[in-house]
Amino acid sequence: MARAVSTRRKIGFTVAAWVVAMLIFFPILYTIITSFKSETEAIAGFSLIPSGTLESYAEVQAQSNYFKFFLNSVIIAVGSTILALVVAVPAAWSMAFSPTKRTKDILMWMLSTKMMPAVAVLVPIYLIFRDTHLLDTRIGLTVMLMLINLPIVVWMLYTYFREIPGEILEAARMDGATLWGEIVYVLTPMAVPGIASTMLLNIILAWNEAFWTIRLTTTNAAPLTAFIASFSSPQGLFWAKLSAASTLAIAPILIMGWFSQRQLVRGLTFGAVK
Amino acid sequence: MGNINLKKVSKSFGATTIIPEIDLEIEDGEFVVFVGPSGCGKSTLLRLIAGLEDTSGGSISIDGRDVTGEAPAKRRLAMVFQSYALYPHMTVYKNIAFPLKMAGEDAAVIDKKVKDAARVLNLTNYLERRPGQLSGGQRQRVAIGRAIVRQPSAFLFDEPLSNLDAALRGTMRLEISELHHQLKTTMIYVTHDQVEAMTMADKIVVLNAGNIEQVGSPMELYKTPKNLFVAGFIGSPKMNLINGAAAAKHGATTIGVRPEHLGISTTAGEWKATVGVAEHLGSDTFLHVHADDVGPLTVRADGEIGVHHGETVFLTPSPAKIHRFGADGRAM
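Line order of the protein sequences matches chains A and B.
For the first sequence, the working numbering gives the first residue as 1, with consecutive numbering after it.
For the second sequence, the working numbering gives the first residue as 1, with consecutive numbering after it.
In case anyone wonders, no lab produced these hints; they're calculated from the structure.
Do not take every clue at face value.
What the hints assert, rightly or not - With beta-carbon atoms standing in for the labels, derived distance ranges:
id : chain 1 : residue 1 : chain 2 : residue 2 : range
1  : A       : A196      : B       : L168      : 34 to 40 Å
2  : A       : V87       : B       : S12       : 32 to 38 Å
3  : B       : D328      : A       : T103      : 41 to 47 Å
4  : A       : M108      : B       : P88       : 28 to 34 Å
5  : B       : S135      : A       : V121      : 54 to 60 Å
6  : B       : P88       : A       : S112      : 33 to 39 Å
Claimed, not checked - Here chain A is said to cover these stretches of chain B; the calculated rule only asks that three of the stretch's residues, wherever they fall, bring their Cβ under 8 Å from a Cβ of chain A:
id : region
7  : 70–80
8  : 98–109
Please read these numbers as outputs of a predicted model, since none were measured by experiment.
C-beta: ideal position from N, C-alpha, C; glycine also.
Please model the entire structure based on the sequences and the hints provided.
Laid out in structure tokens, this is it:
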């Protein structure tokens, strides 16, 4: 009978997993559905069947240039990720392979900065951006997002690097590899799965970042988060347009996430089970 | 050439001293084995020579050149690690070629050297495989191949066989010894296995708590151990160390008698003993006995001896083979 019980449990878990997954996914699904409704339909009440009109998409594209925002999002997300990796790979390397007494403290301190509410430093950062003429520039935003996500990138890479046996790097040193050779030929290729999932996660985080992107940009450097925000207005009907804008903004990252989900899951659970 | 000279070399990690101060001379072409129990500092000493650890004091010179502050790669040494430390993302070919690539060698030269090494090590058919697709013994051969192609002035082996099973360990032991005869390059080999030390070494360095207890050929160490530690460490089964009246009779605080130097009889002898466990191996018989007034002893007899648990035997140590030690533990 043990078998029957375990089958029933299995079915129970599967159903529960689907329910949770649907609950999490529902807001996204409803946004997509609403984007295919007219404005009057959208405020008419709960309905899962849209009329299938594309008028919201047409209006959104007419009102503002989606591709300009999309391009800004790509540049800022990818740029900040590459920049973060350039800084984080050597940092994580030194923490993982030549730790000092303070390494753990530094890691904790880095992480603690993520616990600070962003709004607490809004004014100083805004003033710095203003005085250095970085407001509404892609470079300013790229640097900002790089700094924001750097603790997570360093932490993730540190965890991956810790899994690489130190003897292999020592072997490389004995084989005549310089520090650069060691990182380029041995460490990085071995850490490729880890670096790839760190990269993916960071692109997603940077793509979705809304607090700083909305506050530090107006038109030139505004990414898709600002694009969505621009469709929320204090008067008139905007739900369908907002949904269409949101769908357009999340579509690229959703597609990327779908294709790289195996890599992402592997990356996020790496080191958890040994 | 591969002369290695250690002068007053010491190593501490913070307040913990691993190696107090060591002087050691290794001649060109010698097969030197560092042996000692776990934590005796033998691996640390090897890593100091390799340059993977910085010395806390003293100097290391290779072929007369002071290399104390030099990077590992500049010392012209090659090392084989306990875990093999192969590059998992590279094929066997690329693993072996790696040090040559780092040295900026010509592609044609690399190809020839890699193929030569592969031939010597029976790896020709495996060159396109990754380390993950090889057995333990093959991986170890790749690690050795990677070391050979550099034509180093000395090879350093850090417990290279301890991850292999007993049968393969025996085979690899022979292969490494054979390689030494072929290459005639200095080899320093770290192990905790005194059988490996005895069978492979030209010179054994016995280490204990970071100190060199004795340096000598395997037979020197076997025949004339300088102190109780070496006496107890070298030889298998271990030397019997006897204190008390039996030792005093020979004018020593402790006497040592190797299991193979105890004569055994069922009728008469110096010490009367009761057999505990008898291990019959066919070629030898090991008896673990308890001798009256002497204590537990191990006896090794040639061939098969028909004694069993609980029986009484008489033991007589060969007078010329008794090692005498003073109160300070040193040989008298």
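Against the structure, the hints:
1. A196/A / L168/B: 34 to 40 Å: holds (37 Å)
2. V87/A / S12/B: 32 to 38 Å: holds (34 Å)
3. D328/B / T103/A: 41 to 47 Å: Because 45 Å falls inside the window, the suggested range holds.
4. M108/A / P88/B: 28 to 34 Å: holds (31 Å)
5. S135/B / V121/A: 54 to 60 Å: holds (57 Å)
6. P88/B / S112/A: 33 to 39 Å: Taking Cβ atoms as reference, P88/B and S112/A lie about 35 Å apart, which means the hint holds.
7. 70–80: Our answer is that it holds, as 6 residues pass the Cβ test (under 8 Å) against chain A, meeting three.
8. 98–109: Holds, because 4 residues of the region 98–109 of chain B bring their Cβ atoms closer than 8 Å to Cβ atoms of chain A.
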